[in-house]
Structures are given as structure tokens and as C-alpha cells.
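**Q** Start from chain A and add chains B, C and D according to the hints.
Residue numbers (the UniProt record's numbering), protein chains in the order written: chain A, 1 to 79; chain B, 1 to 162; chain C, 1 to 289; chain D, 1 to 756.
Read the hints as simulated data drawn from the structure, not as lab findings. Just so you know, even glycine gets a beta-carbon here, dropped at the ideal spot from N, CA and C. Certain hints may be false.
[As the list claims (entries may be wrong)] Pulled a few chain C residues facing chain B out of the computed Cβ check, cut under 10 angstroms:
# : residue
1 : Y6
2 : G31
3 : N105
4 : M189
5 : S235
6 : D238
[Stated by the list, open to error] With a cut-off of at most 30 angstroms between alpha-carbon atoms, the simulated DSS-like pairs for lysine-lysine come out as follows:
#  : chain 1 : residue 1 : chain 2 : residue 2
7  : C       : K155      : D       : K284
8  : D       : K396      : D       : K739
9  : D       : K108      : C       : K259
10 : C       : K79       : D       : K629
11 : D       : K29       : D       : K62
12 : D       : K739      : C       : K267
13 : D       : K739      : D       : K672
14 : D       : K170      : D       : K108
15 : D       : K435      : D       : K629
16 : C       : K259      : D       : K672
17 : D       : K62       : C       : K267
18 : C       : K267      : D       : K37
19 : B       : K3        : C       : K259
20 : C       : K259      : D       : K675
21 : D       : K629      : D       : K606
22 : D       : K62       : D       : K284
23 : D       : K672      : C       : K155
24 : D       : K29       : B       : K3
25 : D       : K108      : D       : K284
26 : D       : K63       : B       : K3
27 : D       : K675      : D       : K739
28 : C       : K267      : D       : K675
29 : C       : K259      : D       : K62
30 : D       : K62       : B       : K3
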Amino acid sequence: MRIVVMPPFDKEFFGADRLDLAPHNLFDLVERLEALAPGFAAIAPARVHFAVDGVLETDWTRELAQAREVIVLPRVGGG
Amino acid sequence: MSKIRVSTTVNGDAAEFLCEPTSSLLDVLRDTMGLTGSKEGCGSGDCGACTVVLDGEMVCSCLVLAPEAEGRTIATIEGVAEGSVLHPVQQKFLEHAALQCGFCTPGFIVAAKALLDRNPDPTESEVRYWLAGNLCRCTGYDKIVRAVMAAAAELRQERTPA
Amino acid sequence: MPSTAYHAPGTVEDAVALLAADPTARPLGGGTDLIVQMRAGRLSPGAVIDLKRIGGMSGVHRAGDAFAIGAATPCTALKADAALSAAWPGVVEAANLIGSVQVRNRATMAGNLCNASPAADSVPALVAAGAVCVIAGPSGQREVPVEAIPVSPGKTSLAPGEFVVEIRFPPKPAGGGDAYLRSTPRTEMDIAVVGAGVSIVLDGEGICTAARIALGAVGPTVVLVEDAAAALVGSKLDDDALAAMSQAVQAASNPIDDKRGTVSYRKAMAGVLARRAVLIAASRAGAKA
Amino acid sequence: MNAPSTMKPFRHVGTRPVRPDGVDKVTGKALYSTDFKAPGMLWGAILRSPHPHARILSIDTKKAEALAGVKAVATGRDLPTLESLVMHVGEGASDIVDVSHNCLALDKVLYEGHAVAAVAAASPEIAREALGLITVEYEELAFVLGLEEALAEGAPVLHDTVFTKGVDPKPDRPSNAAMRVEMGGGDVEGALASAAATVTGRYTLEPVHQGYIEPHACVASWNGDGQAQIWTSSQGHFAVRALTASVLAIPQADIRVTPLEIGGGFGGKTTVYLEPVAMVLSKKSGRPVRLAMTREEVFRATGPAPGAVIDVRLGAAADGTLVAADVEFLYHSGAYTANDAGAGVSSAIGHYRIPNSRVVGIEVLCNRPAAKAYRAPGAPQVNFAVESAMDELAGKLGIDPLELRLKNAAIEGDPQTTGLPWGRIGYVECLEAAKAHPHWSAPLGPNQGRGIAGGYWGNYGGPSTVNVSVAEDGTVTVATGSPDIGGSRASMAIMAAEVLDIPYEQVRAVVADTASIGVSMVTGGSRTTFATGMATVQAAEEVKRLLCERAARMWGVISDQVEWRSGEVICLDGEKQGQAMSAAAIAGRSFHSGGPIAAVAALSAKGWLPGFGVHICDTEVDPETGHVKIVRYTAVQDVGIAIHPDYVEGQIQGGAAQGIGWALNEAYIYGKDGKLDNAGFLDYRMPVASDLPMIEAVIVEVPNPSHPYGVKGVGEVPIVPPLAAVANAIHAAAGVRLKDLPMAPDRVYAALHPEG
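Pulled out of the complex, with its shape left as it was, chain A reads as follows (with noise of 0.2 angstroms):
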């Protein structure tokens, strides 16, 4: 699965924008971004949004099995 990483993760965690990984989650997800990158596990409540397939997803035991592709894009808060 394509896991497509928005700044600034990409360089603040990664060093790329762009990983092949297969959770079956999106907690999964981030405990194997978490086991590249220290630290990401921490802040990703706060800072982090992901979308599946093109759509914004804040369920994350949803199953990925049928999905392609996973955004890791930065969370927008409101006034």
C-alpha cells in the first residue's frame, strides 16, 4: 500500500514522501511509522490526519485491506 507523506513529516520524520508498507489499520499504520521514526507515535493524535483513498479518515481501526493509498497530511484546527 502507498502511504503518501505530506509535509512537514516527510522531512520532519521520514526523510521521504513516500513508503510501501501494509497495515492492516491505521493504528497499525502508525506503529510501523512509528518503529521508523521515534517519535511520530507521540504526536500523531495531535498534529496528524490521515486519508484512505482520497477521503479523511478519523476512525482508525478502519480496515485498509481493500485500500490503495494513505495520506498522512497535517491536522487543520478551527477557531
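**A** Chains B, C and D only, in chain A's frame:
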């Protein structure tokens, strides 16, 4: 410094209080008398949230020393409705959704009533300039001005003999 | 922390005595400057002397064809006096640009003057009108022109124990008219970036026979610009005279850069506002030009 | 506006009933932050730094402690030492260590007004006097306020722990560039080089304050057994609980936070400044303690929105098709790392289809109060630059500025800056509505001009909990965890009444404390009507199901044999066929049919959609003085579906007014000494009633298919377009393009009279 005893009339009732010489009328209304409807937004007369009517004229109660109230008559937001019957300004504020957070609302209502008490048919421009001492950050003033104009119209109707 | 006493004397003499007894004591008129400064910790007087309980301190009085305004008279009360508003509309308008309605229901012109802010709205209008202050003090009463009261920002020429009891106007001259304009970013609730007070007299031909032009917020105190007045006197307020007047105004302006405006903007506005104010004053004077 | 054709006609949605909390608010009965008093309460006060940047060498509190009536004194040493932890409980991510140090400085003060010590005393006067008895020894440090200055070589660095995030390789030394975010793709330089028309500009903005009229205040009471209560006004009492517990390193359930009415927030009341300090003072004194800010403290110590320096280049083909955008900006982060740059990047150019783009945003630390969310945080600044540049581009191309926008407007399926496809957005619909509005073609007077600008905000969903319960008489209470800033109780009651098909007045909505309802995210991100509304609908649906089930059981039929119709259960079958049972009849007997009727919905709302707005502004410019008068203003916005149109319009009007203030007169003004020079409402010039015309709000409804009633977010979008709409109108009126905010009279005059 010993406290000063002040006798006054608040919303039609005789009221006595003790205050520091430099306490503001707003502090006494809120903290001593428990009339917390008048709000403090700035403490410098720039926001109008503390507007009360003192001897018939609206003032910022944060810029009145409490001892100055001796022998004077004070009307606050708590006295605008007659019992549970809302004043037309209050009713129109509700009907026109002229409040969002509501914090500036008591000051606006006291000020708007003071306007309509002396000018039953204000223009939009007169309303806007009269209320320029009352800051609202939520509404952009549109619905407030409309509510005051609507209240004025209703009051004129009430005053017109059938 | 020194605490502040509150006194509300009933006579001028008592007020003088209280003020003289404590050099840090401050007279309280409307309180819209004093209380703000006390609240902000910029001022902690030993006592505030409330002048509003003194008989005759509030209200507009007439002595013959001249007006006198009690020092404790709130600005909105000036507007309510039809005769004063007809005679000195510029002064009344200037006083009713201060703050908001709430503030003007308390604020007084005497307080506006004695606060000694260079940006005080009513002061240029009073100076243009040729108003004088009646001052009470330990050695009795004296009269001084309004422009002699402020000496620098926040400082007045009043001696310890002295306070303004009344502002007196000269008789309104036939063919006279006055006006005050100011520049502020907002329409209300603001401090003048520049203010211009004008009083002129026109004869039956529309020729200017006398003028006084005073500026606010372009120097440490109100500025009475005699050259500007001279540029108008003898003219029919034609474009050349107005341009010369504006130039004189700009030349007399020595403002500072601060949060409310820049030097160049203040100078430019002084010229523009003075010209516009002259034209309003002229229309009030019934110019036939 | 009409209900969407895809949805059934509504009974309540789209109506304008009086809000349930209305009478309390027009009579002065409603309790806001400083209206609440606890028995035995002490009065607190906070000592703040007079220096913009200094090391704290020592704090001597002995004299203050000795003053009669002083019950407690606290400094940063009284807060526990914390491990770095990035939290997202309010708006945007914050490191809890920064939150703690912002509440009470530890080793360094980072801005004028930074809290250094606090006291609690028997009266406010004694508390203030005690502050004067605290001696703080400072070592003053060089300070920096400006964006480019803060990034310059040799600038004083605020934190030796901050290494720019988002750059590779990681910097080897700390700097004031807290974070860099870059998005985009394609060949920007190539496309610009071959564009038929290009525009280039540098735009600057000063920090502005949210300007809520109610200053921050709270009361805290922390008992010896560890349990505490806090009464406060905030945009999210659960955020207050989480942040306070984290700063104090205590269990969240030990704190019960009761939300008082909130006097405006606009993003600025999504964090804690006072609560942890009041807690410490309460623990030390054993008494409840009130801390309340003065207006001056609000300006000096609470979050302004960042100022900015923004460079924009746009390129288009001769027919107006945008080919490239290059946007790079610096945002003030203030004393601690903030979140606006990332939001600015994703809010910059996504409303247009632009094949080649590069958007870079940098968070810059400096000696100003820590930037805090302000209504569409990060979007208005960059939108001002981009939408001004669009106007200039339209002029160069000789194309109507509205048509240029229409030609390039993003539609569903187009990629956002992040690459994700847009959902069912309504930008085109807003532009069409603006074009059709009489304002767009109305005649103009002398010295008048018309400007237009479009903008958007992403909105949000997030966690909300709602409890819908039915009283024995059939009336309904909706309890949410979402503070009501602008009428959301009314919206919740409308949605519950819609589900249950009962009169609006039979439903009452309240905001419950942290012990009485489940966790809910802050009221912010334009999320409440969407997300808490979704939870309300879900809980009300469950209540409806329960009522049907109970009726069926009482009738002795199966659930399929009953139907909910007009607020009653109808029996469809059997010997009771045709009978109706009211909610009152069911709930009145609920104790004997299985228990009370209630349902909780706790969800993380998904499927939020951004909102788009188009604003038309007419200005009149005095050519001699530079004064700008707003003579007419129309704000068009796609809201999904308006649940309570009055409060939707109110949000649009209020946001537009804030944007106009930002455009014309609002700004933080600092002296050369690094101190704020306009910390009050007199010189921080928010619009007053006489500064504004009526603001016509035009509601466009392109429903959100993911929300049961089609809701999108409303509150934040309307502050995005006004800055450029005003600037473009000034350009149209006076022929000068102002690229620096605020466009105060002296600035406009200087542009009109460049000779000086």
C-alpha cells in the same frame, strides 16, 4: 481607610451599601449588591458593557465612583423588564437574534432603551451613533440595529392612542 | 499602598481647602479621564474632590449675551442647550465628539482641558472661540485664557489648590461662526489624530474680519495659529486665502509620530481639516461670498 | 432558503425560533465568568513581566506572603515539571510544557505580560497590593518582534530546544523558525515564465486580537483529597479539564469543570491561561480562588492571531486560466510554537484549480504573546494576499474579477493543496449567487469602488457527546458538552425536535459540565452544529426507537408493527391498530416498561466539508484624508443547510465585521521597547456600530451529504474574504493598491499622496 456609606435608589428600590472611596459603581453593583447583569469588558469606558442609567442619563458604571451615587437614582439591566414581562427592546433582541454570546447584550439593551426613551423614531444612523459606545464583537451590529429599530416601531405603536 | 479619600464638598471654598491640603488631591468632574488613570495605576491621588455637589458648578448660564459653563457640566448637557448650540455650534460639537454618549454624559469640557491631553477635542474649539477659564484657588479667583491652562502633555498651569470653576465665552460677534473637525480612524470612540477649531467673523460683504484657528494633536499643547488667522482676515475666503491658511497651519504643526498617527499625516490633515472647518464656520457665519 | 430537493421537507430545520437561553441573556440573569462566586472565595491577581525577553534570576515573594489578607502566592516553581507532550484538545496542537510555562513562566519570560507570579488574597485590593511586594530579579535579554528580524542571523533565539520542524536534514542548531510546511507540485517557474500575465506582490499584516468582550476569568476550588472544581467560561470545558489536569499532572476525573456562559471566544478561549494557576492558589490557600484578567492583560497576554509577511506570484493564460501560484509566508508564532502556518498553507490557493503551485509557510517565534486560534486561524492572512493578487491579475488581463474567479473556481473532485479531492463544495454556487445579487451591478457614487473576494475554510468534525432524555411528561432535554457561543442550544433543540417531530418548545437544550456528559471537543473549527448536531440527531433517533419499542411492548406487538408519526407512536397492526401513543404516555409509564427513556450518542463526527464564501464590498475613499467608509457589504456563503438561519446570518455578519476591522484599523502596535502600546479598546480599534453598514448575509445551501440535515460549518469562513474584499474595493475607489494592513487613513493617504 474606612468605608463610605452610600444611600441610593437602584431599580426603584432604596439601597444602601458600604464601599471603598475609589470602588467603582460597577464593582458595587456586581460584587456588593449581586447585580451581575452589568458586565465589565474593559474597565475604562471603552466597551459599554457596564452601561447603567444614572439620574436619567446612561453612563459607564465602571467610570463612576461608588460614593458619587449618594442620593442618586440608578437603573440597571435587572430593572428593564417589568416583572417577567420583557421590555420591547428585550423582546426584539430575542426575535431578531440580536445576540450571540450575549455578554454585551445588557449594556446594549440599557443603552437602546435610553435612546428610545428620548427619541421614539430614530434613524438607523442615529441608532448606530448612539450605540457606538457599546462594543459587540459577535454580530457585526446588523441584527442589533434592526432589533432597536423594530422596538422603536413597536413602542410608537403602543404609544399611539387607539 | 496609599489609599485615596473621596470628598464631595458643597462649596468652592471647601473644595479649594481640600485641594490645597493635599497636593496630590485631584478634582473629580466627570471622571472619564481621572478614574481611567487611577484604575490603570498611572495616578494615585491622596483624595478625589468631587465638584458636582457644589452649587452652580453644573449647567449653562447666561450673563447678558455671553455664556458661562459650569466646570462640572457634562458634554451632552451642552447639546441640550439650544441657545448655546446656536451660538457656539463648533464648541458644542467638539465636546460631543469625545468618547461615546455614555462618556459624554459624564465628561466635562473643564476636565477635558485640565487632563491636558494635546488631543483633547473640546480644547481647540474653546481656544478658537476665545473662551476663558475662571479659576478658584487659595488666593481667590482669577481668569485666564483657555490656551494658558495646558503647558505640556498631562500638565497644567494650575497652582496647588486651584481648579477651574467655569468656562466663559465672549459675546458671540455679529457675523461670527465656529466649527471643529477632527480626524480619527473610527467614526466614534476615538482620540483625535488631528483636531482643528475655527472661529471667524464675516462682514456683510462676506469679508473675514476676524479669525481664530486652533489645532489639537500637532504639538505638546493646543496651538493657536495666528498666521493662519491672518491669512484669512481681509479675504473672502477664496481659494488662495484658504491655501495660505492651510500652509500656515501646516507650518505651525509640530506633531510627533505615535500609535495614533504619523508626523506627515498629521501635518497634512491639519491643513485639510482647518480648511474644511473654515468653510463650515463660514457657512454658519452666513457668508455671502 | 429552500430545503434541498434531495431531502424531505423540514418542519423545524430552517426556522428561526427564540433561543432557549435568550431571556436570561436579555435580562442580565445569565452567569458569565466573573458572575459566579463561590463561598469563601479569594481574589487572585497575576504579576506579569515588564520585559519582552528576560531571564528570571530570582523571585522573592516573602513580603507579599507577609501582607495581611494574602492567603497564597505561587510562581512557576509551584507547577510540576513535565515531559514534552503534544496535545490537541483545544484548537491545534500544543506542547503541554509550553502551556504550563505560558501559565507561569519558569526560567525565562518571553513577552511583555508573561505571567511570573500569582497571589490570592481576601480582596482584589489586597491581591493587587501584594503583587507590588513581589520582587523579581530579571536579566534582560535582547528581544525580537519582527518576522524577518527573528529569522535573521544573530537574532535572539527564544528557545534552545526548537529545531525547525519540516526541514531535511534536521537543523543542527536551534532557531526561531519553529516549523516549515511546503505543499504543491508541478513546474511553477516554467509556468510563470510562459504565463500571459503575472502579478507579484509582498503583503504584510500585523497581529490582531480576537477581541471577545468578556475577559478570561475562572474560579477554582481544589480540595485536600485531590478533587477539584473549576467554573470558567471557555470554548471547551473538556479542553480546560484536560489541559489543567495535564499541566498539574493530576487525574482528569478529579476535576469537574462547570461551563459558565462564554462572552465570545473566536478561537481565543480554546486553551488555559488562568485555570492551573487558580488551582495552585486554591490548593495552597484551601479556599476557592477567582482569577480574572483585566482588558489590558487580555491584550498583553492572550493569543493574538499572527501577523504575516506574504510573497505571492500568480500567473495566468490570456483567457484567464490560472497556470501557476507561488506563495511563501512567515507567520508570527509568538512565544511558543503555534499552528497557523500549516492551516495557512492549506487555505491559500485551494479554491482555484492551479496546475503548478508551491505554497510555503513558516512559523516564526518572537517575543510576542503566544499566537492563538482566531476564526479560520491562518486563512485570512494568506487569503488577503492571494485574493488581492487575483484582483490585480484580473485588472492586467482585462477580465471581470468575478469572472476570473468563476473561471478558475474549484469544484467537487478537483484537488486541494494537499492533493485530496474536494468533496461537495459550493464555491461556484457562491460566485454565481454574488453575480446574480443586485449589489454586484448597483451603481456607485463618486469616490466609491467595489471589491470582491472569495475564500474558504476547511471546517472540522471531531468528538462530541450528547445525551437526549425524555421526562415523564414527554418533554425532552438535550444535554451537550459543547459551550454555546452563538445560539447552538437553539440549533440542537431544532435538530432534536426535527427528529422527534415534536414542537420546538418541547425540547430544551443545555450545556452540561464535565461530570455530567461525555467528552466533547471545543466549540471551534465551525464544528458544533455539524458534529454535536450529528450526535444530537443520533441520540434523538435512538430515543425515538426506544419510544417505539416501549409502545410496541405495551401494546403487545412487535416493533415492526408500530410507526413514529407526528410525535406519536401509531399502532399499525393487531387489535390496537390505528391507536396512537404520545411520548408523554410512553415516558409517563417508562418506569414500568424497562426504565427511563434516554440515549447517549458519543461519536467522532466524520464527513465534514469546507465552507466557501464570496464577499462584495463597496467603499468610499476620502481622497483628501484617506478615510475609508464601508458603504455597502454583502456576504454570500455556502453553509450546507442553515439549521437556524438567524444565527447563521449572525455568524456571517459577525465574521465579516471582524474582517473589516482587521482590514481597516485593528493592529497590535509595539513600542521600540518591545512593549504593547495599545492594550485597550480605545487604541485597539475594533469597529463600532457607526463604522459599519448593514451586512447582508446571503445563504447558499449546497447540502453536505454526510450530515443528516446537510450541515457544513459556518462560523469561520466569513472572516476570510473581507480583508481582500475591502482592499480590492479601495483599489477600485481610489486607484491605489494597499498591500499592508491595516488600511488605516494614514496608510491610504500615503498611498494616495506618494509625494508626501
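**Q** Failing hints, ascending?
**A** Going through the list in order, the structure violates hints 5, 6, 7, 11, 17, 18, 19, 21 and 29 and respects the others.
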